[in-house]
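Per full-length UniProt numbering: the sequence shown ends with 836, consecutive numbering throughout.
Hints listed in this document are in silico derivations from the structure and should not be mistaken for laboratory results.
All C-beta atoms in this analysis are idealised placements derived from N, C-alpha and C, irrespective of residue type, glycine included.
Check before you lean on any hint, since a few could be wrong.
Listed next, the in silico SDA-like pairs over lysine to any residue satisfying Cα-Cα at most 20 Å (straight line) [unchecked claim]: (1) 793 - 727; (2) 744 - 679; (3) 669 - 679; (4) 81 - 28; (5) 190 - 384.
Pair ranges (Cβ atoms, derived) [said to hold, decoys possible]: (6) 173 - 811: 44 to 52 Å; (7) 558 - 192: 13 to 21 Å; (8) 560 - 772: 28 to 36 Å; (9) 669 - 705: 23 to 31 Å; (10) 558 - 291: 38 to 46 Å; (11) 616 - 540: 45 to 53 Å.
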Amino acid sequence: MITKDNIKNLLSVLHFEQENDIFTKSYEGVGLPLKVDVRNEHFHYKEIGITVGRETTSNFSEPENFVVFECVDRLLSMGYKPEHIELEPAWKLGHTQKGGYADIWVRTHTSLSGEMATDKESLLIIECKKPDEFDGAWRDTLEDGAQLFSYFQQEQATKFLCLYTSDFDGEKIKPTYYLINVQDNEELLKNNLQLSTYKDAKNNKQLFRVWHDTYQCDAATRGLFEDDIQPYHIGKNKFSVKDLYPISNDEIKKKYNEFATILRRHNVGAKENAFDKLVNLFLAKVVDETNNPDDLHFYWKGAAYDDDFSLQDRLQRLYRDGMEKFLNETVTYIENEQIEKAFRWYRKDPDATMKTVMEYFRALKFYSDNDFSFISVHNERLFKENAKILREVLLMLQNIKLKSTAEEGRDTETNQFLGDLFEGFLTKGVKQSEGQYFTPMPIVRFIVSSLPLEQIVSQCEKIPSCIDYACGAGHFLTEYAVRIKEFVEKYRPDIDIHEYYKHITGIEKEYRLSKVSKVSAFMYGHDETNIIYADALQPNAALQPNSYDVLVANPPYAVTGFLETLSDNDRTAFSLFNSNINSSKNNAIETFFMERSAQLLRAGGVAGIVLPVSVLNKGGIYARAREIILENFDIISLTEFGSGTFGKTGTNTVVLFLRRKETNTPAAKHYRNRVKTWFAASDHAEDIYQDEYLLQAYCDHCGYELEDYRTFLKDGLIHKALSETEVFTAYRESFDSTDRNAMKGVCDVARDIRNRFRTRSKTQTFRRQTEAQKKAEKEKALLNFIISIEREKVYIFLLAFTVDTPVLIVKSPTTTAAIKKFLGYEWSDSKGNEGI
């Protein structure tokens, strides 16, 4: 905001020249410079010919006065004559003149037709507000016309009304305004004689009703102060990317709240459908910025130049082009010209026939649900209701620059903001079912930044390939592309960055999110990113096994019945799957994604994968998944996050940072064979002594004597000292126990041995045996039970023991305050400040 404290800084930015406490600025065609006396806190408007109705805004007493000053400077800099500017003209509102002072009134001796006017003709009335009052003033204007339409009542020859503010951060001035064209649109009125007009309105209330009912509160945010606008020629019907601006953090929050407000105002209850339409608009806008940079179509040009049918037609065309070009989807769209061409050879009254057909065509095309229907549309009335919602959402987005070229890139801050924008829309707009938990941008950045991307880019002879097999909204992919850009420029300047983007792949099973991912890639200038709409657990010709250098993902968790969506061949491609699994009830989808990681990464490839922390401690299929991790990966780090990481979800998560082991001669296969040899009760003692240091390490770890363990392996005998160890005592207790949790964490082979013995012990055949025979059979079953457990334990130990890389463990604190400090963010649900 502009204040007394930063006014000197503002004057410097506006190119005023300083002499002590007096600042001056000269304008082309103006005889005297505008003077600002900082010491005496006065703007000297009158000296250069500006009419001042009263001195209220000529001093520093109110923050609003600084906005008036900045706006006056903007008008003079554009070429408006000071003699055509009047500050605070007095108009009688009601029985007194209280409140009847407009901030700025622009008039001209020349009418818009170019002829000389007998009196100054009213062109523009500007009401200035300080930044924190601007949104409220606009809401008041939308509600009843507020001050602007009261001023308009006094000067009904006025062509334009403007609500204006400007903000100042110490370096840059940011103007924001709404421009209202209050001239009747004769073309619109000609086609609908029932509409009210400005020329027939008698007072401010009637004038407001015309704006509200006839022109649907139409207002522009461009057309007054832009570089391509000439003074006195207000309004704009052609827009380019130069009219767009990058979005900031504060604006992101406002946009999300504004979208939510629009939905509430129009009673749009279907949030998921609304999000779908929002994504379609994002796609249309990105296509527009790409294909039409000099004449944007994603713009409401104002009621004087545009109509709802033309707007929606433009949006449909953009959406069709985007779906076909970027998503390889065909969208049916028929242009008016195609209908007209069909009547070229029709001789019998073609005009009348074509007019009838075109009316039917318009009804079919617009009076039904389409890709921009926020509400269900099936007649003209509902089309108009939806058109109003569509216009408001479009106005919310049209001035934002979404598309970023590779040369411009996206800075880290902007990446965060756009990620937050999508996160806010996603969280409210997409029901997070089927285990979907969107990864917050700070966590995305942490994971991607932790991967050795600089080393990979600098050392890979070929362009590295990156994949996210559950890409959701595409946050990981865009962050990866942003991160590698600096390393490509540093180490591989001979290769176009777009070649690297071609080697980025995302897979998403949910159609809406696959579209979001692609739109997100377009926004960042990563058009070449491959987004595949598919189930990553199914084979896909586009995905070659062991071909990716980087895998980064947050796969879904706990999806019941996911196996039923896979064919028998698909299931058997995973070693995790076996005939004992209940496909309709199993929900351990994250374990299958872990095995899929091993299938996709090449030797030496790296991964950062978000998983529920339960994958590290649950038994059954999770234990087998951990075995797969140890067999196929070196664990670089485990980073545990607490319950506040993913917003409302209370899931505790862990990020696994992994490096793929050798795939041609895997160490796991060697150790599996070694353990098999050790437990084969071989008569050859040397078999047991091979790799004896590994066996010694295992015994030391478990507290066994090596000689006792050798005897156990060679002869199948459990000496007294070994049987009395804590571990072997627990084996016997678990084997004998009838507790339902006795087999918790026990491997499947051991569980089967114990279950078979318990079943046999209940048979008549077993009971007819002598006590010695029963005891011998039980001891044999117990020995096999123990051997099967030990065989598995030794194998897992060897996989972990032989890893050269130390594992970095990062654990989140447990208290709420400490978690916030650890994460660096917290979640908010407060209205207008939702998200991170």
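Next item on the list: Given the range 13 to 21 Å, decide if the beta-carbon distance of residue 558 to residue 192 lies inside it.
Entry: Given range 13 to 21 Å: violated, Cβ gap about 56 Å.
Notebook entry, point to check: Given the hint that residue 190 pairs with residue 384, does the C-alpha gap stay at or below 20 Å?
Noted result: holds, 19 Å
Next item on the list: Could you see if the CB distance from residue 616 to residue 540 stays within 45 to 53 Å?
Entry: violated, 29 Å
Checklist line | CB-CB spacing for residue 705 and residue 669 relative to the 23 to 31 Å hint | finding: holds, 30 Å
Item checked: Range hint 38 to 46 Å (beta carbons of residue 558 and residue 291) holds or violated -> holds, 43 Å
Next item on the list: With a cut-off of 20 Å on the C-alpha distance, tell me whether residue 81 and residue 28 pass.
Entry: The given pair, whose Cα atoms are some 10 Å apart, holds under the 20 Å limit.
Checklist line | Distance restraint hint 44 to 52 Å, applied to the beta-carbon atoms of residue 173 and residue 811 | finding: holds, 47 Å
Margin query: Run the distance test for residue 793 versus residue 727: straight-line Cα separation, threshold 20 Å.
Written below: holds, 12 Å
Next item on the list: Would you check the hint for residue 744 and residue 679, treating anything up to 20 Å between C-alpha atoms as holding?
Entry: violated, 24 Å
Check: Does the alpha-carbon distance linking residue 669 and residue 679 stay inside the 20 Å limit?
Finding: Given pair residue 669, residue 679 holds - Cα atoms ~16 Å apart, limit 20 Å.
Margin query: Just to be sure I understand the hint, the distance between the Cβ atoms of residue 560 and residue 772 should be within 28 to 36 Å; is that true here?
Written below: Check failed, 50 Å falls outside 28 to 36 Å.
Violated hints, listed in ascending order, are 2, 7, 8, 11; each of the other numbered hints is respected by the structure.
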